[in-house]
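Trainee: Spelled out, the chains give:
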Amino acid sequence: MISTPALQDLTMLSITNLHANVADKPILKGLSLSINAGEIHAIMGPNGAGKSTLGYTLAGRPGYDVTDGSVTFLGEDLLALAPHERAAAGLFLGFQYPVEIPGVSNVQFLRESLNAQRKLRGHDPLSGADFLKLARAQADAMGMDMDMLKRPVNVGFSGGEKKRNEMVQMGIIDPKLAILDETDSGLDIDALRVVGDGINRIMRKPDKAVLLITHYQRLLDYVQPDFVHVLAGGRIVRSGGPELALELEREGYKDLAA
Amino acid sequence: MTDTPIKDQAAHDAAARVADYEHGWSADIETDFAPKGLSEETVRFISAKKNEPDWMLDWRLKAFRMWQTMESPDWAKLNVPPIDYQDAYYYAAPKAKKTLESLDEVDPEILRVYEKLGIPIEEQKVLAGVEGARKVAVDAVFDSVSVATTFREELKKAGVIFLSISEAIREYPELVKKWLGRIVPMRDNYFATLNCAVFSDGTFVYIPEGVRCPMELSTYFRINAENTGQFERTLIIADKGSYVSYLEGCTAPMRDENQLHAAVVELVAMDDAEIKYSTVQNWYPGNSEGLGGIYNFVTKRALCQGNRSKVSWTQVETGSAITWKYPSCVLNGDDSVGEFYSVAVTNNYQQADTGTKMIHNGKRTRSTIVSKGITAGKSNGTYRGLVRVAAQADGVRNFTQCDSLLLGDQCGAHTVPYIEVKNPSAQIEHEATTSKISDDQLFYAMQRGLGQEEAVALIVNGFAKEVLQQLPMEFAVEAQKLLGISLEGSVG
Amino acid sequence: MTNLPTRRDEAWRYADLDALARLWPLPAAEQIIVPEGTTLSRVIVQDTGGVHQINLILERGAQALFYVLNCGGDYGRVDLSVTLKQGAHFSLQAAQIGGDSQTLEIVTTVTHAEPDATSRQIVRSVLAGQATGTYLGKVAVAKGAQHTDSEQSVKAMLLDRSATANAKPELEIFADDVTCAHGCAIGELDAMAMFYLQCRGLTPADAKTLLLQAFIAEAFEGAEQADDLRQRALAKLESVV
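Chains as they are written, first to last, in our numbering: chain A, 1 to 258; chain B, 1001 to 1492; chain C, 2001 to 2241.
Read the hints as simulated data drawn from the structure, not as lab findings. Just so you know, these numbers come straight off a predicted model, no measurement behind them. Heads up, a few of these hints could be off.
Which residues of chain A face chain C? A few of them, derived with a C-beta cut under 7 Å, are [as the list claims (entries may be wrong)]:
id	residue
1	Ala-59
2	Arg-61
3	Ala-80
4	His-84
5	Ala-88
6	Ser-113
7	Ala-116
Rough simulated footprint, nothing fancy, chain C against chain B, three-plus residues with beta-carbon under 8 Å [what the hints assert, rightly or not]:
id	segment
8	1289-1296
9	1353-1359
10	1452-1460
In this text, a Cβ means the ideal position worked out from N, Cα and C, and glycines have one as well.
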């Protein structure tokens, strides 16, 4: 059973000197980062810098091997947990390419997921009726049709629908920390606003935090970050406030290779 | 060679009009026969005739005794008339005056035969360095004995050994001993065992480490002497990091009696080596009443012994009355690759049971099988294939596509895939479809000005394209023509 | 058949012959004739071991819908021999789930004897432990049986290195105006889907079970007793995962 301490002003995620390999190739090479409750951080960087690797490594994807460093999440050793235990502890990864699962309906998937998390936290499972109420509210908030919730997970969804579905899932699961990997890619301007509003509504709370992984500044017009970091060559090479994102948008990444 | 000339265009056209066999004629050449029938004496005769060392004779005799205890396989979808093994000759060699150094010394009659076949062995043209001409070395097998090899000098420079198997037995006994019967064991099957006992001649190729063979190697087989079984034996060894492309083509003259052909082809590829083996098989298929034609019982197998080795079989099978043939790959090396691309055409009363076996023993081994069967007339075509994944072979991938095209409602098209998987990480996909040429397709093509047979040939070539494009240039053109010729008279 | 078959018999090449010997001689095959224009729906749950043999003849325009769950006993075999007359329709939806050292087989011979008949076969196998799961399916189209439309969809999942899946989706076709297709896929659960489910909080075992349920779901679609079949299948899945 995983406890939930009071969160305000607490260090939520602390990454120290993280090294990670993918297929024996070093991708993260000494990355350090600290995120407190109530904060929104953005990680930006050129393609191939290791942005997605960071998200996958924190979520525990098989094949992403940590070779050095440590990560604590709410005071616990995150790296010692299995992927589902990290989820139950309150970590949510919004996938850049949400996975299609034929034959499994969104509703079934989310209800089983949520109840598995609740079980691990020592809470009773949500009844079918209560779950549907919750799901309907979250789907409505994201402007998603209830029919889509009954369809197989992400199967036949457009790129934008998949991203919207990730936000509905985030709303239902209600995590402590959301790591959102290129959530803005593939979205048109209207969808971008809906998704941005969703992130603010669900996650901008004193006891929560967000790590936005993005290549472009445009999502940051809707979700104002407190801190912006530049990831290049597997490490954070620069940190600053929201103005850094604007500078990167103007100047590009080319002078940042460190 | 950039083109494959049909030399006697008028004769060819005449033959095509009657939907008869293009190469159905007989050349008059002196032939040296072994006594009719099959006994230990025959085996000894053949071995003696070829001046073989004792170990080779012993090997043959062992095979012969083994063969006597075996039975002809009956599992294929083939209706094979009983074969009287005592009523055939097992050795026939054109009487060579002496060892021949170049094509100039070859019997002009043989050269005339080749010319009529349109076989591109014009040595001078290539040696003269005709701009853009690709080099093809030919080890021409006329009946059972190699009578001429070309380009030996250039191959020698590269260190490539390209010899008849009889020469190789004498000159490179250690290499031959090491691999002969290692890939296709003596006991493998009835016809392979028979071949071990009585093989007449064939080809031996060795590509040394790191050598990319400077030219395509090819052998033309012909069956010419009446009542002569053909028992060719081929052994190709590609050492580490080498590459060779080998072309095999054959035609046979028209005879009324059926003739047995039971070849064995063994390939072995070491680390990082690649062998591309292409066949256009156009043995005489029998006449339109189903009379005559070759019985073709061939065992072809490749051992991908080395890591990252690759063997690719491409075959266009249009001939023979009966075809029984499964060019296979044993993928022992990690990351090794096996490929099988096949077009099999049957018409009239032809029967073909052909396919492949991909045996995945190494990790991350991959195989691709593309089989296109085209059946017409009263013929039967079967794809028979095996994909097997051993328990220790992690990360195996196989993709198999089997398509059948039926021309007419009197023929049969069959698909018999065996899939046996013992490792959970394997990804095996098999797809099969059956179709016919639609009236719409035919009408559309004809409305654009094609004759019916041209339209059929066009559509069939499109159907088989995936395979045909695997062939080296030299063969692609010939193969396309063959498909058209083989199907003449099948529609309308 | 009076003599015990051997490995040389194609229809028994992957069978557990020792287990078969204990069951020998087999009871006579069940004979079913589905009269012209009628529909037969049948559920076979093989959960105790044994060989079910059924010879089925579908008269003109008749339909037979078979739902099979093959999951019990050391050796379980469901063997259907089906003959289709003009315009008849045969459908087989089957799941087999095996663990330990079970040998499970679904063997079909579907003969399209006359024109315009259709057949659909869906077979899903999940194999764990040292289990062996086999599908031997032959579709034969007789001369003159034009407009035959037949399909075989065969998929298997291996959960352990010691499990075996065999498939032989065979076509024997003597008519040209036909649509006959088969597809066969053997593999393991998609690693990315497993990760995605776990990222949302499912335990590895639950994620596996959920994906496997989805994998076999097609086998019970449309069955009147679909819920019951699903429950039984789920119980078996949970026992092998």
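Trainee: Each of the hints needs a verdict: does it hold here or not?
Mentor: Hint-by-hint comparison with the structure:
A hinted interface residue such as Ala-59 of chain A counts as satisfied when its beta carbon comes closer than 7 Å to some beta carbon of chain C; here the least separation is about 5 Å, so the hint holds. A hinted interface residue such as Arg-61 of chain A counts as satisfied when its beta carbon comes closer than 7 Å to some beta carbon of chain C; here the least separation is about 5 Å, so the hint holds. About 15 Å separates the beta-carbon of Ala-80 of chain A from the nearest beta-carbon of chain C, more than 7 Å, and the hint is not met. Here the hint on His-84 of chain A is kept, as its CB sits about 4 Å from the closest CB of chain C, short of 7 Å.
Interface restraint check for Ala-88 of chain A: the shortest CB-CB distance to chain C comes to about 5 Å, inside 7 Å, so the restraint holds. Nearest Cβ of chain C to the Cβ of Ser-113 of chain A: about 4 Å, under the 7 Å cut. The hint holds. A hinted interface residue such as Ala-116 of chain A counts as satisfied when its beta carbon comes closer than 7 Å to some beta carbon of chain C; here the least separation is about 5 Å, so the hint holds. With 0 residues carrying a beta carbon less than 8 Å from a beta carbon of chain C, the segment 1289-1296 of chain B misses the three-residue requirement, and the given coverage is violated.
Interface restraint, the segment 1353-1359 of chain B with chain C: violated (0 residues with C-beta to C-beta distance below 8 Å; minimum three). Restraint check on the segment 1452-1460 of chain B versus chain C: 0 residues with Cβ-Cβ distances below 8 Å, three needed, restraint violated.
Of the numbered hints stated above, those contradicted by the structure are hints 3, 8, 9, 10, listed in ascending order.
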